[in-house]
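Enquirer: Chain A is already provided as a structure; the job is to place chain B on it using the hints.
Line by line, the protein sequences give chains A and B. With the working numbering applied, the first sequence covers 57 to 305. With the working numbering applied, the second sequence covers 57 to 305.
A few of these clues could be false.
One copy or two, it doesn't matter: identical chains are merged, so the pair holds either way.
As the list claims (entries may be wrong) - SDA-like cross-link-like pairs, simulated, lysine to any residue; straight-line CA separation at most 20 Å:
#1 K169 - R151
#2 K270 - R249
#3 K269 - N246
#4 K284 - P116
#5 K169 - S113
#6 K276 - N244
#7 K270 - V298
#8 K276 - N191
#9 K284 - A241
#10 K269 - A234
#11 K169 - P252
#12 K270 - N244
#13 K269 - T232
#14 K196 - K276
#15 K266 - N246
Simulated from the structure, these hints should not be mistaken for laboratory data.
2 protein chains.
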Amino acid sequence: MTRSILPLTGRSLRAPKSSCVFIYDDSKAPPPPFSAPQGLASGFFSKPRDFSLPNSSWGPEMMRLYEQYNSQCGEETEGGENREGPWKRLPSYNRFLKYATGGVYLSRMIHKKARLFTRNNRDQGATFEYVLFFNSEEDKCVGVFQAGHLLEGPPGHVHGGAIATMIDTVIGTHATIACGPVLTANLNINYRRPIPLGNTVLLESSVDKKEGKKVFVTCKMTSSDGSKLHTDSTALFVSIKVSQLLLGS
Amino acid sequence: MTRSILPLTGRSLRAPKSSCVFIYDDSKAPPPPFSAPQGLASGFFSKPRDFSLPNSSWGPEMMRLYEQYNSQCGEETEGGENREGPWKRLPSYNRFLKYATGGVYLSRMIHKKARLFTRNNRDQGATFEYVLFFNSEEDKCVGVFQAGHLLEGPPGHVHGGAIATMIDTVIGTHATIACGPVLTANLNINYRRPIPLGNTVLLESSVDKKEGKKVFVTCKMTSSDGSKLHTDSTALFVSIKVSQLLLGS
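Looking at chain A on its own, in the form it has when it is part of the complex (with noise of 0.2 Å):
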């Protein structure tokens, strides 16, 4: 539902820029010392894992859009220079923790054990493998999902809440590159086809318009040719401050 404003790479990996956004993987090492926030802008959240670049897992369709876009993508060169691309990648890690500037939410934010409901899974391409860009020029955001067959509804397809996922991820991100912090308030999905499971899937996302705290986004999502719609959906996402979502809870 919230979203966190990602930092926006190209192919190479980058810590976060934003003081008040900060990501880690504890997957592998014990988790940081919350108790000691000041540190959170360096040292041991320099090398997160990000599950959005390529792994073993991902089928011929997935590779092919993710170069598609990924070739067209700003990023720095071995030489230190900015090679300028109209697309971004969204890097992706297994949790975020926000505006944790201080230790009075703290509390009630940390569950340790928590993680991103599409990256809880550490087998390679059983659930969600996913990346997601965006043009600044053109206020589009895409996603491109391959679907694993731990997310089966229909037999060999794949579950209506899990495609409600997807569109969740992409609208969600895009509404809050948009607008900052954000709650999802509506969300109106047509499934027009069932999508086989191991297909790859591609997501596409607009923002219609903003008024005042809220903003309308719109999302189509087609095999990776394009040539089937399988769903078209309309979000409406309304601003907020996080200690709203942290008191009210």
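Expert: Chain B in isolation, oriented as in the chain A frame:
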């Protein structure tokens, strides 16, 4: 998206009665011999694990609601008599394959490693813990869900896609009881209040109307004590022949 017509049971675990619905759990045993489908209704499907029964991860609120509905369920007594009750508990497995009465579709239906999205994690309490009950007199379906730590979206709270998954599970089951095999055609969710990780929620669905192949369902999700509204939603399902699903993929 599609749901089986689940066999309805009380407290006691029974083998599925319908000849066109079969369910198995191959998490411990080797896969059954699908090349011999004539054996589907007996033998190796007699003792699947029913995930809707309590386990040690269920908290007090989950247990309270389970007992509240289960105490009103019809059941077979030790003496072999049937006790009447308005509610039925719906057993839940980690996969269903349906209508597999012949070999013609099996090769397309069977993904040996596939698991139901909501039952794909063996770590009790980590993702979705839930049980569904159905009241045929009132035509009501309820779901009691406990949200595990691997369902995180906003820090410390349940992902919007996981919430949609809970809703789809309850209303999809209800629509299937009402109309047989269905596909979700539309799902429209209003998110009213975030759900903290670990909380138990109660979902209640009603069939509003049926029109030909269409069935309209509504669903309300509240805190376990009913005092807080988390979501309200509407959905449209369309009856299908399963062969459509298999041939259309």
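Enquirer: Taking the numbered hints from earlier one at a time, note which ones the structure violates and give those numbers from smallest to largest.
Expert: none
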